[in-house]
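Enquirer: Put together the whole structure using the sequences plus the hints.
As a plain string of letters, each chain reads:
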Amino acid sequence: MINGNAAAAERREPSVPVLDVRDLRIEFPIREKALVAIDGVSFSIGHGEILGVVGESGAGKSLTGSALIGLLQAPGHIAAGTIHLSGQRIDNLPETEQRRLRGKRIGAIFQDPLTSLDPLFTVGRQLTETIHTHFPSMSRADAKGRAMQLLAEVGIADPATRFDQYPHQFSGGMRQRIVIALALAGEPELIIADEPTTALDVSIQAQILALLKRLARTRDTAIMLVTHDMGVIAEVADRVAVMYAGRLVEIGPVEDIVRRPNHPYTVGLMASIPPLHRQPERLAQISGSMPRLGSWPTGCSFHPRCPHAGPRCEVSTPLLMPAGATAAACFLHQGGTAL
Amino acid sequence: MQTAADTALIKVVNLGKSFDVSEPFLQRVVTRSGRKIVKAVDDVSFAIERGTTFSIVGESGCGKSTITRLVAGLDRPTAGEIAFNTPNAAPVRLQMVFQDPIGSLNPRWRIGRSIAEPMDKAVSAADRLARVGDLLKTVGLAPADAGKYPHEFSGGQRQRISIARALAADAELLLLDEPTSALDVSVQSQVLNLLKDLQERLGLTYLFISHNLSVVRFLTDRIGVMYLGRLVEEGSGKAVFETPQHPYTKLLLETIPDMENPRRDREPLTGDLPSPLKPPSGCVFHPRCPLAMDVCSQVRPEMQAVANGSKVACHAVAQGAATT
Amino acid sequence: MKRYLKVLLLASCAALATGVAHANTLRFAEAQEISSMDPHAAREDFTLSLLANVYEGLVRWNADLKIEPALAESWEALSDTKWKFNLRKNVKFHNGNPFTADDVIFSFTRAGSPGSPFAGLLEPIKEITKIDDHTIEMTLKRKYALLLNDFAGWYILDKEFQESVGAEKPIDLSTTTGGAMTTQGVGTGPFKLSERQPDIRTVFVKNPDWWDKPQHNIDEIVYTPITNAATRVAALLSGEVDFIRNAPSQDIARIESTPGMKIMRAPHLRNIFFGMDQQSAELEGSGVKGNPLADVRVRKAIYQAIDIEGIKRSIMRDNSRPTAVPLAPELPFYDASLDERFPFDIEASKKLLEEAGYKDGFTLPMDCPAGSFINDERICQAVVGMIAKVGIKAQLNMHTPVQFDTELPAGKYAFYMLGWAGLPTIDAYNIMSATFHTPTGDLGAWNPKGYSNKHVDELIEKIGTEYEPAKRQEMISEAVKTHRDEVGKIMLHQQFLTWGMSDKVNAIVPADEYTRFWYYTMK
Amino acid sequence: MTWLTGILKDWAASDFAWRFRTSPPVIFATVVFLALIFCAAAADIIAPHNPFDPATLEIMDSRLPPAWLEGGTTKYLLGTDEQGRDILSSIFYGMRISLLVGLAAVLFSVTIGVLLGLAAGYFGGWVDALIMRLGDVQLSFPTIMIAFFIDGVAKIVMPVAMREEMRFYVVILAIGVADWVQFARTVRASTMVERRKDYVAAARISKVSGARIVLTHILPNTIGPVLVLATLGLGVAILTEAILSFLGLGMPPSQPSLGTLIRAGNDLLLSGEWWISLFPGAALVLLVLSVNMVGDWLRDVLNPRLR
Amino acid sequence: MISLLATRLTSVVLVMLVVSGLSFCVFNFLGDPVNNILGVNATLEQREELRVALGLDQTTIVQFWRFVERAAVGDFGVSYRNRQPVIDLMLVRLPATLELVLTATLTALLIGIPMGIYTALRPKGLLSRIVQLVSLLGISMPQFLIGMLLILIFSVELRWLSAFGRGETVRIGWWTTGLLTVSGLKALIMPTITLAVFQISMIMRLVRGEMLEVFRADFIKFARARGLSDRAVYLTHALRNSLLPVITVVGLQIGSLIAFAIVVEAVFQWPGMGLLILQAIEFADFPVMSAYLAFVGFSFVMINLIVDLTYLLVDPRMRVK
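Chains as they are written, first to last, in numbering that gives the first Met the number 0: chain A, 0 to 338; chain B, 0 to 323; chain C, 0 to 522; chain D, 0 to 306; chain E, 0 to 320.
Everything labelled a hint here was simulated from the structure, so no lab data went into it.
In silico DSS-like pairs for lysine-lysine, Cα to Cα no more than 25 Å straight-line:
| # | chain 1 | residue 1 | chain 2 | residue 2 |
| --- | --- | --- | --- | --- |
| 1 | A | K103 | E | K220 |
| 2 | A | K143 | E | K220 |
| 3 | B | K249 | A | K212 |
| 4 | E | K123 | A | K32 |
| 5 | B | K120 | D | K206 |
Chain E side only, calculated, beta carbon under 7 Å to chain A, not exhaustive:
| # | residue |
| --- | --- |
| 6 | R225 |
| 7 | G226 |
| 8 | R239 |
Derived DEER-like restraints, expressed as beta-carbon distance ranges:
| # | chain 1 | residue 1 | chain 2 | residue 2 | range |
| --- | --- | --- | --- | --- | --- |
| 9 | A | R30 | B | T85 | 55 to 65 Å |
| 10 | E | E44 | D | G124 | 46 to 56 Å |
| 11 | A | S170 | B | L73 | 26 to 36 Å |
| 12 | A | R30 | D | G124 | 42 to 52 Å |
| 13 | C | A409 | D | A54 | 25 to 35 Å |
| 14 | E | L136 | A | P93 | 31 to 41 Å |
| 15 | E | E44 | C | I130 | 35 to 45 Å |
We put the CB at the ideal spot given by N, CA and C, even for glycine.
Expert: This is the structure:
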């Protein structure tokens, strides 16, 4: 019998973060040129920590998640930077080694629970298949027991009956629970959850978020939660990373990002969310929209929309610099001015 | 004294819409099953004052979109009626803005043509062109954009174009079906601001549909909360948000992540949404309701006015009101 | 190698069993299928040519196309209209039944019944009476010269057998029992039917009880229809069949150059010609008033526009002989002096057309069978090109043989290709009565709306009743000459028989194209 | 002319054009296809002879081998057939018939299919049920079988004089009738998708008539996949015609298609005069192959599902 | 599932109704049995007599009903050409065609599916590209051309294989099979290849297309994210999902193989139903044509039914209501 928490605890070394990403750069060679989709992204996640990665669609947040589990869609590839998982470098591993990490040490949850499960196999079969992949020596009976246990853990009532059912016999929320169970099957240190609640109704969304939060706490698992919904982030994340046009513009504890954002983009983003308890006359707004991949401006990609932009912003790219408890990539916070 | 309903631009009374989702005849014979009727909208009444915004909130499948389609005349109601209060009973000029910024514009038409589509056929080509230019300026785009195709615009811009099209026919009533839910937050605020500006400038009336409570809060004057085809609470924005009465409304507000109060732990609403094919008896919310009583599973609660000016359909609230 | 081994094995087994070597199987392929085992069901040359091995008539054609006694041992004319036949004794049908006068009378009633294709052939006979089991007397309606010729194509069936399978009548499509003769048949001939799967395989085996002394050494004949010419030739070349009739002209060289293969040639009785509608007042679709074909000058113009040598060289690959008359030299009463064509002469042709008032030509609907005659389709196409050079635009329609054979006698065609061999009678009378005579009753059936000359009609009728050869020759020559000079038909050529076979086979190639297997030997 | 250069520039810069430029086999196939179309269309002008003007045929020139073989002459580059017709010219003219029949048949089935598909998809209900069940029944018979029957029966029942003349139309009908279902299904499917799209609802709210919506909104948006299918259908139609002709049920010798030419030459396959059937056969394969390659590529590029 | 069977049943009834209507028309109106039995020279009285005897004086509805009644027990009348009951003719020919079609289908599946999988897994490989090009050629070449070339090479030049027929056959009951003799098997080779080339290409392209599409599905990405081996991802999950649409198409293809068998049978003189129908058309043998129509319609309906049942086996979504 494998005790997931114990196994995780053994691997644990307090000083080493579960995930450490340094200067990640992802390129897509398209036609004659290479498009840079992600550039200079660095962050880390500790044990039991939930890092929310937020940004508008096209900012590159899902791509980062895919890169971490080694499932970047060709021809995309990691062009620079390093990824360390509990101290081990994993970005340069051969494909077979990477596959051994997937599911076993890094679990993944995707947006649409309706399409994440193979419709032709029972939930039980998909679970035991995954368990056997990661624990080849486990007996059939044990694997089935383990699968039931996982189902129970993610809140599926009557796992014995549900075990032999097919995905289409479950509701959307239930399917997402099964997806989570599958992600947990290998006892991973890190779970990458890519918009796990976007396709769900608000009341179900809250249930799934509560489940994720509980898992992070009880299993001490690091979770990277990718979403475009600031509300979701505010609800569950410990720290937040804000992405814009392939770059990390701000990262820090959730309270700081939500209450005292530093980067002009984060400031605008926060201000443009309609408040729940007041009815203001107008909402703050950022003019324009995020440029499409491939037509990103030079310098700080946010400068065309930035109210504080100066000539410097057009030519050089600001690096992520600490600004209080958070770090922001803006010249305003690097002791200089935008001019 | 004039009641609200008398001056209302639109009055919806006991509106109902059922869909026949029965299996084919032969199969019903074989399986000896009867017809299957889904009541997507069941006995819904509300009225919208001219120049105000009425919002309907609820989770997917609650029937809010069906109501807009009924009001728009895209579907026919199976019960109740929709009355418009217009001078000389002229047909109301209504237009709609849709959720999906990609599907709401014909991808093979230049946007100028799409915007001009609702215009009166009698208008000359030159006048149309000028009007399209004006409309584009109104929604914050350039007149020259009329010659471009939808795929050349971002999602937010496309929603602006949809709004321009809606304005093209001098609409007095706009049906807004989740107009910002597909947009990113920074763009959402642009569109919301635009809608608010237009309402002020042109005196438009909005019927606004959304599942996003904070968006609704920003734009609305009155709110109706729907659950499984029925209206469970209706009242002014302030009343519903600050003193919600119905347990569902309360729980819904509870589940919304609160930006001003991050990282809080809360107890989410348990259970799944029931299937509209087999709605629970009595009060449809009773299986998930923390206040459920015996009567809830038997008697369907009626909308009743409560102290804060809202109307609520709940036995517990009615009893509470009676006992206090 | 394997095959030889098998043959050897089979042979030794058979030798052990009977003491006689049963080794020679002749595998035979041809485009058509035997339409029925009923010899009275269809007057169709191919079927009859194969059935000649199973059934016999009172007389038969020998290898040299001379009449010799068969089921009748001898005969004598008692008067101009009365004949006596002495039937052969000790002849047994394949089922063991003895052959008697009753069978002859039964076969006469059967084949002569209304609706039978042979009714016309037997029409001159009034009645047949039985004198004893092996003697009959025949009364004719009128004097008739070709009785014996016709009898060679009229086969005798076993009365008892026919009655036992319910096939007393030749064809009866309204009941399913009419199909009995599709797959079975009992005759007196040198071979008997042993297996029949229509369109797939028909097997004949040697009749050990045949009354005649066999000259052949064939034990079994396996017939397979192979429609596609290339496949058929390929089957011969690859050694899967031993014998194909009508090797396509284009493949003759290849067969001949293949080791172990040979081509056996002979002239054919069949002469190919174009028939024409000379009776209608208007030629539909011609684009001109009147019927140009009614004008002898137009017919001659078309005739002279055809480069017959070109056809012979390019299309027939020299396996044809241009002719001027419809009679092949192998037919009795052929008159070589008449067989002289109008020359191929475009200028003369144009001049004739001009004289006839068709300087600008006209449109000619042209109907041809695809697959009835050797290279029929190609010849027609070539002729279209040739007459185009004198301004006649031909509109060529191709038809399947079946369609062609029903539509032509119905008078649906105005200008059509036809070939006639005079089978089974093998006499000028047959050709003339079918294709020269003005259509009346049984006569002129294949000359609808065609050539009509009262004097020729009279001559033909006389030819049919005249017993004296010299007088017949004179009348035949006169009719043929008149017909030729009036361009009653546009004659093309006599086609040659080119039979392809393995060296092992020694066949005879008679001008009537019949496969008389009882003369064949195999190495 | 500036607008033209503008369009050309736009096109050249588009993804479509880029994918075209970077696939040499497709460029090759397109060039071959266009060249073949040109040869067929301009047969009157560029063919060295007119093999179907009977007056020009010289029977003495029959069965000449291709120019490079012994006995061949440069007058007839690919040799001649038994009638003395120039094979090269026959191929040009035959290809014209093959292409015409193929195009007309596809046009026929596209027209029927698109109309029925639009009707089924837009109106739904019993109209849809009727049309789709009809399609099911139609699909119960393989295309070639339907063509076969229509063709065979027409050959039997038509009056003698009309047979050859009407062949062309009968063949088109026979091939075209059988193929409408796939177009109807595709159009129906995309019509049902488009019908539910919001721009259609917007048009309905603006009181645009149903017919106008179908024609101006829905039709243009459903035609893309139809074009791809039609391209692939053209290859199939040409092949079907060739098969019918080979079996003697298609085009007659007086209006020979490539299939008819092959059929005529088939008998000569063993005689050493291989050029009479093999050159038309090669032309047929080349034609269909180039059509299929272009169609395949179009499908890959235009099919958003596969991008 | 019941819904599926119900629609299918409606479809079956409908198809069979249309089919029998068509074949009735061919039999009765095109065929004009009277003319064909008596010939053009028969008298009016004879004709009238036969009309009554055949029931042709009844209303069309009655005639149609009788036709259906008789057809239901396999009675399609007597062939004009062979003078045999049509059903007997068909039964004799049936084994040849079915054996040809089934071996071609099997060949196509056994070669097409692995090739499809391979080209989907290695879309950029040289072998893949070659296979794809060849498959394009496979759908661009008419069968008769392939058959002709095969005969030229293997029968005429090399003399290895038979150019025509089924070889020796063995009779088992009424079924004659060529599968039990060496010559029968050898005779099958070329016709099978000729018939299968198109289908191999079709199936290969289909499997490849479906697999490439399934590869894009979320559940494949998720399966990989779960750490499953490539083998499990591609050969268990992707393949099984790709094969669903393939089943439908294979069903349709078997139907069209019956049709394409006509061509192959004509080239190789294969004594099957295709040859029969070709001859029937040539001889205007309408009872045979009408029976053949009914046969093809019926086969298709049956194949579709089998396809649907296969779906029930493979796709759980179909099983549960």
